[in-house]
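*Asks:* Chain by chain, the residues:
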Amino acid sequence: MDLHLFWFALLGVLLTGYAILDGFDLGVGIVHLAARGDDERRVLMNAIGPLWDGNEVWLVTFGGALFAAFPRAYAAVFSAFYLPFMLLLFALIFRAVSMEFRSKREGAAWRRFWDGAFFAASTVATFLMGVAVGDSMLGIPIGPDGDYTGGLLELLHPYALLVGVLAVATFAMHGSIYLHLKTEGELQRRIHGWMWRTFGFFLVAYMLVTVVTLATVPAATRNFATLPWAWVVVLLNILAVANIPRAIHKGKPLGAFVSSSCTIAALVFLFGVALFPNLLVSSSDPAWSLTIANAASSEKTLRIMRAIAFLGMPFVAAYTAVVYWVFRGKVQLGKFSY
Amino acid sequence: MDAVLLARLQFAFTLMFHYLFPPVTIGLGLLLVVMEGMYLKTRDLQYEAMARFWTKVFAVTFAMGVATGIVMEFQFGTNWATYSRFVGDVFGSALAAEGIFAFFLESGFLAVLVFGWDRVSPGMHFVATVMVALGSMFSAVWIVVANSWQQTPAGFHIVGTGAAARAEITDFWAMVFNPSSMERLVHVLLGAFIVGAFVVLSVSAFYLLKGRHLEFASRSFTIALVVAAAASLAEVVSGDSQARTLATTQPAKLAAFEGLYTTTSGGTRLTVAGFPDTAEKRVRGEVAIPGLLSFLVWGDWNKPVQGLDRVPRADWPPVALPFQTYHVMVGLGFLFGALTLLALVMRWRGTLFEARWLLWTFVFAVAGPFAANELGWVAAEVGRQPWVVYGLLRTSDATSRSVPAGQVLASLVMFGVIYALLFAVYVFVLNDKIQHGPDEPTPPPPATTGKGLLAAAGRLAGQGGESLTSTGEAAGRSGGE
Numbered sequence: 000m001d002l003h004l005f006w007f008a009l010l011g012v013l014l015t016g017y018a019i020l021d022g023f024d025l026g027v028g029i030v031h032l033a034a035r036g037d038d039e040r041r042v043l044m045n046a047i048g049p050l051w052d053g054n055e056v057w058l059v060t061f062g063g064a065l066f067a068a069f070p071r072a073y074a075a076v077f078s079a080f081y082l083p084f085m086l087l088l089f090a091l092i093f094r095a096v097s098m099e100f101r102s103k104r105e106g107a108a109w110r111r112f113w114d115g116a117f118f119a120a121s122t123v124a125t126f127l128m129g130v131a132v133g134d135s136m137l138g139i140p141i142g143p144d145g146d147y148t149g150g151l152l153e154l155l156h157p158y159a160l161l162v163g164v165l166a167v168a169t170f171a172m173h174g175s176i177y178l179h180l181k182t183e184g185e186l187q188r189r190i191h192g193w194m195w196r197t198f199g200f201f202l203v204a205y206m207l208v209t210v211v212t213l214a215t216v217p218a219a220t221r222n223f224a225t226l227p228w229a230w231v232v233v234l235l236n237i238l239a240v241a242n243i244p245r246a247i248h249k250g251k252p253l254g255a256f257v258s259s260s261c262t263i264a265a266l267v268f269l270f271g272v273a274l275f276p277n278l279l280v281s282s283s284d285p286a287w288s289l290t291i292a293n294a295a296s297s298e299k300t301l302r303i304m305r306a307i308a309f310l311g312m313p314f315v316a317a318y319t320a321v322v323y324w325v326f327r328g329k330v331q332l333g334k335f336s337y
Numbered sequence: 000m001d002a003v004l005l006a007r008l009q010f011a012f013t014l015m016f017h018y019l020f021p022p023v024t025i026g027l028g029l030l031l032v033v034m035e036g037m038y039l040k041t042r043d044l045q046y047e048a049m050a051r052f053w054t055k056v057f058a059v060t061f062a063m064g065v066a067t068g069i070v071m072e073f074q075f076g077t078n079w080a081t082y083s084r085f086v087g088d089v090f091g092s093a094l095a096a097e098g099i100f101a102f103f104l105e106s107g108f109l110a111v112l113v114f115g116w117d118r119v120s121p122g123m124h125f126v127a128t129v130m131v132a133l134g135s136m137f138s139a140v141w142i143v144v145a146n147s148w149q150q151t152p153a154g155f156h157i158v159g160t161g162a163a164a165r166a167e168i169t170d171f172w173a174m175v176f177n178p179s180s181m182e183r184l185v186h187v188l189l190g191a192f193i194v195g196a197f198v199v200l201s202v203s204a205f206y207l208l209k210g211r212h213l214e215f216a217s218r219s220f221t222i223a224l225v226v227a228a229a230a231s232l233a234e235v236v237s238g239d240s241q242a243r244t245l246a247t248t249q250p251a252k253l254a255a256f257e258g259l260y261t262t263t264s265g266g267t268r269l270t271v272a273g274f275p276d277t278a279e280k281r282v283r284g285e286v287a288i289p290g291l292l293s294f295l296v297w298g299d300w301n302k303p304v305q306g307l308d309r310v311p312r313a314d315w316p317p318v319a320l321p322f323q324t325y326h327v328m329v330g331l332g333f334l335f336g337a338l339t340l341l342a343l344v345m346r347w348r349g350t351l352f353e354a355r356w357l358l359w360t361f362v363f364a365v366a367g368p369f370a371a372n373e374l375g376w377v378a379a380e381v382g383r384q385p386w387v388v389y390g391l392l393r394t395s396d397a398t399s400r401s402v403p404a405g406q407v408l409a410s411l412v413m414f415g416v417i418y419a420l421l422f423a424v425y426v427f428v429l430n431d432k433i434q435h436g437p438d439e440p441t442p443p444p445p446a447t448t449g450k451g452l453l454a455a456a457g458r459l460a461g462q463g464g465e466s467l468t469s470t471g472e473a474a475g476r477s478g479g480e
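Top to bottom, those sequences are chains D and L.
Taken in order, the first sequence gives residues 0 to 337; the numbers are from numbering that gives the first Met the number 0.
Taken in order, the second sequence gives residues 0 to 480; the numbers are from numbering that gives the first Met the number 0.
This is chain D alone, in the form it adopts within the complex (with noise of 0.2 angstroms):
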């Protein structure tokens, strides 16, 4: 496999793994305010307690391997993007500190303040990711030398700020099927309602979002010609998303859970496909994109990461899959509690 391929698709699959991880986590910050009385904020914040922390290394590993691989485009994106991704750092700092500082008190204006903080970062952080995607979409301004040229408001476009939108009603979706399955008893039955609310949000959002890409995004399906077999990926998205409200209704929520997950996974392999083999468009000149062959690292480097990945990525998979088995089941609060 080509070298520059080989990394976008990794990079791809670091992408998706943070989406679903860190997705469902971000998720019940959204959706975590609908629910009455501590306790229930208590079962929601326990029912990701252990497990935020490593979602969130998938973006930072998303982060170095987008440097190591392909240094140009991280350089571009970082900076371009510069105050987004500052409010992103600060909106992910802030849940932490608003998760670990609500339970030290009880106070119920005390808690209230961080809860709200709580749901303000994880909305913020999940939008500002999807507004950055959008963006990548559209193509922003990149002069000859790899530099962003615009300003702040040419990142606030209308189709970026939609796509924003469909991140939160993604992740809300997918954070509340989340709870519903370690949720239990009359909260449990709470929480399906939020399902179907937030699934209805999604479906508004995701159509949406797919008739302005379809009619005013055309990059977007450009590759759809050399590459036919993308459009199964378009089929089981549709299937994906199908199945959501079918495994609901059947009560199912496991089955809605790999739905949304699936969903989450095609959107992002859509994204990549829309933009390859370019990373980063440029709406100034198409020749100054930033492509996967243009912004990558010597060859050299690319084949000892790739040493490196190969002899990490079943370590990274074990570990991950120990922590979930660990600590799967119903949340209960005890004195281990949040």
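Check the hints yourself; a few may be wrong.
[Claimed, not checked] Covered by chain L, according to a simulated footprint, are these stretches of chain D (three or more residues, beta-carbon under 8 angstroms):
#1 18-26
#2 82-92
#3 135-146
#4 172-179
#5 269-281
#6 318-327
None of these hints come from the bench; they were simulated from the model.
All residues carry an ideal CB built from backbone N, CA and C; glycine is no exception.
Knowing the structure of chain D, use the given hints to seat chain L on it.
*Replies:* Using the frame of chain D, we list chain L on its own:
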């Protein structure tokens, strides 16, 4: 304000904040391995209680390291785009190795370390502890290799010219084992061991003074004391060997450390203290030992060490800041050695735990190793200026050209606010844990009821939902509402 200066200030601020935490986890990780190893060997439950308590401190600190570490990784791209393009090919593989080997290793086994006490066998738990300790050291390996490459680049060639120039790897192992990497790695790891040990010394001394958890505190103190003393002495040797390498690889940096403006004709003095004055090219109020620097560097009292006059003026680093930070770091290093040796002698004589003044000294001495680590970093990085990659890329050319100064200022202010908050959480949680103290060791229940009880405990623990930072006590209270 100048965009380059702002980017540097932000990097320095976020890095120095981040660097408060990883050395603690590296040092504590080593101590955890020792304590739990002692438990496995002796089956003395006190050692298990120690390992459990210090694991909690480890976990809080680890979470802080992760949260502030993501910022560092993003920042290469956000603020130092030109630098990222230049070093990506070289730096990238080190960073990728760090992500794959160190971060996943740590965060994977950390869950077992923190939550696995009642779920896996003591032997398996020990393996997890060793893995986490190794993982935290691995993360130091790769980041120090990358940073050392910036000090003494090796195993690469330059492709392209001007703003498009970048370094490409020609020899991976030459890059990894560049002239300064292994010495600097040893120095960083020893520095981390000292920090971790002094944290344990401080908390244990506090318990001893308050008459709480005496058995726990005296054993923890003793183990940490041995590690602190050994690491402090080794650090002096490591510092000396580094300075010798510096004389040939980065003479301008060594000259700045020593306030050496003019190359002497005979042996070069070792400056103990003073105030460098770059305008007058001399050190005011200098206290110096004649010939000693020559002896330390060359093993020859009369062979001169190169001064700044041999370096083009445009390539001079600032002198006052590296000089002072370096000297304070060295002074602190000797203090740690003296303090821990004194305590070791008194421990051996059995008078240590009666010497309240010395215990109080240890309660507060923990600030010293933190300061020494931070100052050492400042000395190393400012001493490398005006280069970000020594001799190849100037700091002033390395920033993100597309990011305006106003945005950097805005993010810098935000970091100030958020980190203040984050630090408050850390102190709050840590204080909570220290005030609560370790759980007293409890013998396992009798065999007749053991099975049922253990199973019940297992069920309780198996319900999931522990937090990384509030395993145990704090949540016990909030759980009772």
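*Asks:* Now tell me if each hint is right for this structure.
*Replies:* Hints and how they fare:
Evaluation of the coverage hint for the segment 18-26 of chain D: breached, as 0 residues show C-beta separations to chain L shorter than 8 angstroms, against a requirement of three. Under the rule that three or more residues need a Cβ within less than 8 angstroms of chain L, the assignment of the segment 82-92 of chain D holds, with 7 such residues. Given a C-beta distance limit of less than 8 angstroms, the hint that chain L covers the segment 135-146 of chain D holds, as 3 residues qualify and 3 suffice. For the segment 172-179 of chain D, the stated coverage by chain L is violated: 0 residues have a C-beta nearer than 8 angstroms to a C-beta of that chain, whereas at least 3 were required.
Coverage of the segment 269-281 of chain D by chain L is violated. Counting CB-CB distances below 8 angstroms, 0 residues qualify, and the rule asks for three or more. Closer than 8 angstroms: that is the beta-carbon criterion, and the segment 318-327 of chain D has 7 residues meeting it against chain L, so the requirement of 3 holds.
When the structure is compared with the earlier hints, violations turn up for hints 1, 4 and 5 and for no others.
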